[in-house]
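Top to bottom, those sequences are chains A and B.
Here our numbering is used: the first residue of the first sequence is 1, the next is one more, and so on.
Here our numbering is used: the first residue of the second sequence is 1001, the next is one more, and so on.
If you're looking for bench data, these hints aren't it; they were derived computationally from the structure.
Note that the structure is predicted; figures quoted are calculated from it, not measured.
Careful: at least some of the hints might be erroneous.
[Stated by the list, open to error] Example chain A residues on the side facing chain B (calculated, C-beta under 8 Å, incomplete):
(1) Val32
(2) Ser33
(3) Ala35
(4) Glu86
(5) Met155
(6) Ala257
(7) Gly258
(8) Ser260
(9) Glu264
(10) Thr275
No residue lacks a Cβ here, since even glycine has one placed at the ideal position from N, Cα and C.
2 protein chains.
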Amino acid sequence: MPRVTMLDVARRAGVSQPLVSQVIGGSRSVRVSEATRDRILRVAEELGYRPNVIARALVHSRSYSIGIIIPDLYNPFFADVVAGAERVASDEGYAVMLANAAEVAAERHIEAFSARQIDGIIIDAVGAASLDLAVFAELNAVLIDEPSETQLSVMSDAPAAGRLAAEHLLALGHARLGLIGPASDLWAFRMRERGFMQFLRGAGLRVASSHLRRVSPTVEGGRAGMRALLAERDRPTAVFCTNDLMALGALKACIEAGVSVPREMSICGCDDIETARLVTPELTTVHVRAREMGARAARLLIRQVESGGGNGDDKPARERSAKPLGVRLVTRGSTAPPPPPPSGGDT
Amino acid sequence: MPRVTMLDVARRAGVSQPLVSQVIGGSRSVRVSEATRDRILRVAEELGYRPNVIARALVHSRSYSIGIIIPDLYNPFFADVVAGAERVASDEGYAVMLANAAEVAAERHIEAFSARQIDGIIIDAVGAASLDLAVFAELNAVLIDEPSETQLSVMSDAPAAGRLAAEHLLALGHARLGLIGPASDLWAFRMRERGFMQFLRGAGLRVASSHLRRVSPTVEGGRAGMRALLAERDRPTAVFCTNDLMALGALKACIEAGVSVPREMSICGCDDIETARLVTPELTTVHVRAREMGARAARLLIRQVESGGGNGDDKPARERSAKPLGVRLVTRGSTAPPPPPPSGGDT
DNA sequence: TTGTAAGCGTTATCAT
DNA sequence: ATGATAACGCTTACAA
């Protein structure tokens, strides 16, 4: 059975179809008599009329849906971002199309989105810098954790995250620090590292090159990184992992190696995903407001879309992007003062 | 700047617009001369033509996108399901719209989907039984873990999951068993429980009513459930949690209470999410192929959509649904034989 | 082999 | 206050 259209409603109500559109569209200047308006609405109700968003989209060249591209749905952090965005979008009447760049190249996803006249895209941590800038020209996009001259973005205060971790570890008395992070050039990772390194430098310390481990930003990566660190002759007493997944892997590696955390090794992560509180000891980490980032990104995007597409001619993107979202250290069980130096007899 | 349409291509190539449609549409019987075909394609390329899926959708009453509704994106299990579905859909040229029933009521999502002429919906564990059946009449839907007379579905072998858990625990020598599960009437949970209970009954055992804990299917729920169990006078020596999130929470509760797992308490979960291997001890659990379920559901749905919508008149849905996906026990560190009975002197 | 005409369900711009 | 009419970009008969 074909779906009920405005024309059906119109006929049944004895009016023209465009008039039905007027009434249903609603917000239009109220140039319709109460009587007919009521009649039309009643008939629409009776017939179970549902607006056809597709048809509307064709006319408006807008689809009332937004896309979101994330690198990895398995990372609860991104699940959080998506949940936040979805919440806002749904409230505003937008659907959200999900694209997992781990499965399919981001470019293909953008293609597909664009063919669907998606109104805008949220891109989180897929190395937007490397994406063809041309695609953005036609598209509304807001980047997450990737500053840009031309695009809107929402960011966490990544340098502060690194700084907080360093500060915490130094305050505990550590002097031999390690760092586990991905080789990728994603902004958030880079900045977390930089913040960490800079704070150390300010304290006259540095991370020995053998204590800097490049791994994939996953549990497995973190585990491998920590294993390598533990094998070092002069291993660090504390390690900062630039995301929680790696920190969790690092913790796992310590447990497997019989190295006590935090007594012999302190570990600090970043993100504060739920799992961080599940392991033993619970993970000290830097809380990043993933959900809020997703929500903000969605709000920003929708505002841009509704203010007439094409990323405006008014203020530069940079200005219109909100200031970075604050982060905060969450001290839990995986960090403690370093072990006393071996009580050997060299005095 | 307006987007390039078929009409633009047609004009530039000196042909009519429908002819361009013929050529671009492709699969149609090849009633176009090589020469013009090439020319058209070349011009399209030059102009950077991109098909407008929305317009196509309006004609076909199909949107080439599918929706997926899950109860909770935070549960990595569902992230897996989504990833599987997304992979398949994307390969087949479909976009996937995500809907998180935790944020917004499933009904509203279905409404929104339907307005967008979504071609079909995958519904996972949102109590499809409780949904208005009328909505399905117009929609292609495949249910995950929710058997139905009228709808296609893909299921895991949930009863077997419960059975395997029971079998494992009994084989270890446990006789006082506990069960932690949600009160919700979701099929998978119900069946896991039933499988568990039945196997026990077959062995002449049962779960004492005070050892059956109804909680929300989350980490917090599991933690609460286990706390209650630990407070019991005659507490169980082993507990089956009907998903891993609860099992993880239960484990956490034991650790907090200083109860050694698995020495004093065995815990078996269900799902086998990645986190299960992160905690210490690693979680014994029943592996369910989440990713594969998502992929299958997507394949089934797309096949149904392409075979002409409206859930066919041929075979009953039940038959066309694939047989349940097998599950398997993954024995890890959270289960062991029960502690010896207190060596008190009652002999 | 190709062009013409109609129509998918809306919205928007006019007259009336 | 309401109704024609055109338009959105495409597919699909049908005619040439």
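Now for the hints, and whether the structure bears them out:
At its closest, the beta carbon of Val32 of chain A sits 23 Å from a beta carbon of chain B; the interface hint therefore is violated under the 8 Å criterion. Using the Cβ-Cβ criterion of 8 Å, the hint placing Ser33 of chain A at the interface with chain B is not satisfied: the shortest such distance is roughly 28 Å. At a threshold of 8 Å, the smallest CB-CB gap from Ala35 of chain A to chain B is about 28 Å, leaving the interface hint violated. A cut of 8 Å between beta carbons decides the hint on Glu86 of chain A: the least distance to chain B is about 5 Å, and the hint holds.
Nearest Cβ of chain B to the Cβ of Met155 of chain A: about 22 Å, over the 8 Å cut. The hint is violated. The beta carbon of Ala257 of chain A is not positioned within 8 Å of any beta carbon in chain B (closest approach about 13 Å), and the interface hint is therefore violated. Checking Gly258 of chain A against chain B by beta carbon gives a least distance of about 12 Å; that is not within 8 Å, so the hint is violated. Interface restraint check for Ser260 of chain A: the shortest CB-CB distance to chain B comes to about 12 Å, outside 8 Å, so the restraint is violated.
The interface hint given for Glu264 of chain A is broken, as the beta carbon of that residue sits about 16 Å from the closest beta carbon of chain B, more than 8 Å. This hint holds: Thr275 of chain A has a C-beta 5 Å from the nearest C-beta of chain B, less than the 8 Å allowed.
Violation of the numbered hints given earlier is confined to hints 1, 2, 3, 5, 6, 7, 8, 9; the remaining hints are satisfied by the structure.
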